[in-house]
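The task is to assemble the complex, starting from two chains supplied on their own in separate frames and drawing on the hints.
Those protein sequences? They're chains A and B, same order as listed.
For the first sequence, my numbering gives the first residue as 1, with consecutive numbering after it.
For the second sequence, my numbering gives the first residue as 1, with consecutive numbering after it.
Worth flagging that the hints you see were computed from the coordinates, not collected in a lab.
Just so you know, even glycine gets a beta-carbon here, dropped at the ideal spot from N, CA and C.
Be a bit skeptical, because a hint or two may be false.
Simulated DEER-style distance windows between Cβ atoms [as the list claims (entries may be wrong)]:
#1 B:Arg253 / A:Ser11: 49 to 55 Å
#2 A:Ser20 / B:Ser121: 56 to 62 Å
#3 A:Lys51 / B:Met57: 47 to 53 Å
#4 A:Lys43 / B:Leu340: 26 to 32 Å
#5 B:Phe210 / A:Lys91: 45 to 51 Å
#6 B:Ile294 / A:Lys51: 17 to 23 Å
#7 B:Phe210 / A:Thr79: 49 to 55 Å
#8 A:Thr79 / B:Ser121: 55 to 61 Å
#9 A:Ser11 / B:Glu385: 33 to 39 Å
Straight-line C-alpha distance at most 25 Å; calculated DSS-like pairs for lysine-lysine [unchecked claim]:
#10 A:Lys51 / B:Lys189
#11 A:Lys51 / B:Lys256
#12 A:Lys43 / B:Lys374
#13 B:Lys371 / A:Lys43
#14 B:Lys305 / A:Lys43
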Amino acid sequence: MMTKITAIIRSSRFEAVKESLGRHGLKGLTVTQVTGAGLQQGKTAHYRGNKYEVNLLPKVKIEIVADSDVVDELVSIITEEARTGEIGDGKIFISSVDDVIRIRTGERGVNAL
Amino acid sequence: MEIAINTIWVLMAAFLVFLMQAGFAMVETGFTRAKNAGNIIMKNIMDFSCGSIIFWMLGFAIMFGQSRAGLFGANGFFVSGEYNHLGLDIPLTAFLLFQTVFAATAATIVSGAMAERTKFSSYLIYSIVITGIIYPVAGHWTWGGGWLDQLGFTDFAGSTIVHSVGGWAALVGARVIGPRIGKFSLNGKINAIPGHNITLGALGVFILWFGWFGFNPGSTLSGMDLSIADIAVTTNLSAAAGVLMAMGLSWLRYGKPDVTFTLNGALAGLVAITAGAADVSPAGALIIGAGAGIMVILGVEFIEKRLRVDDPVGAVTVHGLCGAYGTLMVGAFSTNGGLLYGGGLSLLLVQLVGVVAIALWTMGMAYFLFKIIKITVGLRVSASEEEEGLDTGEHGMDAYADFAKRSSYTLSYK
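So that you can see chain B by itself, here it is in the shape it has in the complex (with noise of 0.2 Å):
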């Protein structure tokens, strides 16, 4: 009975998650071009086909194998042989469903910061190396027994390993590739490329709270744990607090409120509490939201005015940065040893080992594979191809066939 009622409780989790494909998806529809719309709608398809074949081959055993030196698993391949050093109660195949829909997330961030000027073949080799390889050694450190693990390091539902892995290969790779044609001028000016659907970004943002239900309180693999209301409860204040803050934000720097932005602060708020959804009061989820609200736009600015990287959705601000935050901040309000639970300074150490070398494994990994896929098959579109749309140069399509396209603006791209 027992097992049972976990089983299903973690397969109904992995399902919600499940669902996050198709938020990002939309929100990276939205937040771009018409003319991209079919090539982001394949990218999204495409990371988790081939994520959940490589990570179910290769990645799972990387990720929970026997421990190498706290290092990475090797046996077990193919989800065959013994793991009976999990644990777990649940079936081994649940446990799989529920750790591939996670590694497809961490691979789909990567393709809003890229987008409307990646080569789709070259998406898919990077889409496999990220399940197979990149995301299953970081998981490892942390939830397969890794040496983070060892160090005491906590990353309840992966603000780390999950987002800020997305996150920083996505920082690496829309550095690697360069900006759109006409987002930064030659005279220094940067433009604004207004996405063609903010609803449909929307309905995405909505998908992705939704689907965070299954994440966070899922992370437990119990049913019977009842901590499961709690979580969601951290879960659901923390976006909360990171829409109003991103929203109050944005009016005060622009003079109205963004809308992009506002569904940017939930995203936000829901990295920054993954980490510490187990472990912080509501009170500390809500402060913890609120912070990440405010870093999205900071973070933003940053990422566009002083690293000069093109990053069309915003993931290196929403994933990166506030999971690396959201990660620091269990340091402070868990109620397990945070600094302000008068547990002094030694988790807060742990977290940002734990942030920075994970940081630094993905960022390196991910610069050695997009030089790699650059210097061989090519990451980029030819800029002819950019300007016309991937729809057409990708795929021989195009995705509003049969609709009346306007564009009531005009762009300076001199």
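Next comes chain A alone, as it looks inside the complex (with noise of 0.2 Å):
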């Protein structure tokens, strides 16, 4: 069984929680700069004395799968750096995978992991 955990955090959190999951052993992940909107919502900024809102934040995108027995200690590293308990930590989406295919030798499920 494989799970893939989609994590969308503060920018400035990126660097802690990669260290964080390097320490524990995780090897791959994807990440992604990416825009977008939640509570946070948007904040206001000015340009040449008019006001324009700024609805899309950026934020970096994590994209981990992994073997399901480690998620819930991966979810919980990654919530503890990436919390700083303001509005706009982020969220994380998980799903199951149903399978991963390791392109160079064709090695198929967790192995390919």
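The following block contains the structure:
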């Protein structure tokens, strides 16, 4: 059984999350710079005397596919490192993964992780 | 020896003023969106290139040929024949180059105000007409022995002749072409359209400031005239005062010191001091620059909110309004006949006549020109091209190919 963890977190917390995951032996992850909206809403900016709404804020998205047994551990690491307590800390989505294929060797399933 | 020093000085100043083309290009590119960056670079290199050729062929003769009734010159096309009446000690070609870079400065000002929506081919036509006819006639009136010169109108390096001519043509052009899609909402709201690279815009402002040390001190046409040092100081103080006041006023009005307005403040101070750089004291320059720094913010608001004209870089305010203001201030602050130095009102009135006459000439001609372009070849790109970006539509390329573009905001255009 494999599970995908998608965590959307503050850009400023990314390095800490990555280091902590690495210390706990995580080898693979995929990271994307994203923008989005949530509870945090946007903020108002000014340009040449005119206000404008910044509705989509920059965040970092981390995607990890792991053996389902370690998911709770990974989630607690991410939660601990990414949390500031302020609105805008982000979200974690958990979903099941049907199969994984290592392109180089053709291995499948947990062996391909 | 004296001629050599003067020639080197004028050429060096001309090279500095040439660099201002890069400054204008960077300010305009930085203050607008990435999707139009390549088009803006094209406009800026083309107006200089077209302008250099047409000014050599036609413009120089209209500006400096033997005067016809004080209105325009009419001989010496292709810079041939006699120009002895100018009384130059430097070679005519040095003077030609210096005047060419000035003409191109007037032309390139318009580009910024009409940015992000003007058809490239139409811009080429416009740039030929302004450097070939509109600017040289205004220049003849003042620097070519024309009627304003005879009245005693003082515009040392061209607050009015160069900058206001560009600024007023920019106002008319931006008005005739209309605002960018999304600038004004149907309900009357004014939207911010943030520029894509403020760092590049700031580099442009620093380059312009640097180039101005050629623009103003170079206008003595003489390296033997040691007032070049005084002129460099008045130029610098006015720019610095413009920056301070624009920064302070934007802070007061909008809660934070606005970066692009502060940058505009430097240009406002520089434009304003250009007319009086040789005739005012350092303290006078400080006051003129400070006024320009205030004017740049109030002017941009006025142009945008009252006139509903979309000028992405603030060219109309910086060059048109601050140029006119700086020229009028010569009438007050000139140590040779200014109102505050016991000269009475006469110089101030002459300055007013010059400012108004050149504004009317430029705006009238520019209106005529842009209307004809609009009816014939068309002035504006299609709405879909404007949304897609002029880089793709006009030039079939992308200024930032292979470079991730990311937008951290959305604008509501409804």
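Hint check:
no. : hint                           : in the structure
1   : B:Arg253 / A:Ser11: 49 to 55 Å : violated (31 Å)
2   : A:Ser20 / B:Ser121: 56 to 62 Å : holds (59 Å)
3   : A:Lys51 / B:Met57: 47 to 53 Å  : holds (49 Å)
4   : A:Lys43 / B:Leu340: 26 to 32 Å : violated (48 Å)
5   : B:Phe210 / A:Lys91: 45 to 51 Å : holds (50 Å)
6   : B:Ile294 / A:Lys51: 17 to 23 Å : holds (22 Å)
7   : B:Phe210 / A:Thr79: 49 to 55 Å : holds (53 Å)
8   : A:Thr79 / B:Ser121: 55 to 61 Å : holds (59 Å)
9   : A:Ser11 / B:Glu385: 33 to 39 Å : holds (35 Å)
10  : A:Lys51 / B:Lys189             : holds (10 Å)
11  : A:Lys51 / B:Lys256             : holds (12 Å)
12  : A:Lys43 / B:Lys374             : violated (40 Å)
13  : B:Lys371 / A:Lys43             : violated (42 Å)
14  : B:Lys305 / A:Lys43             : holds (24 Å)
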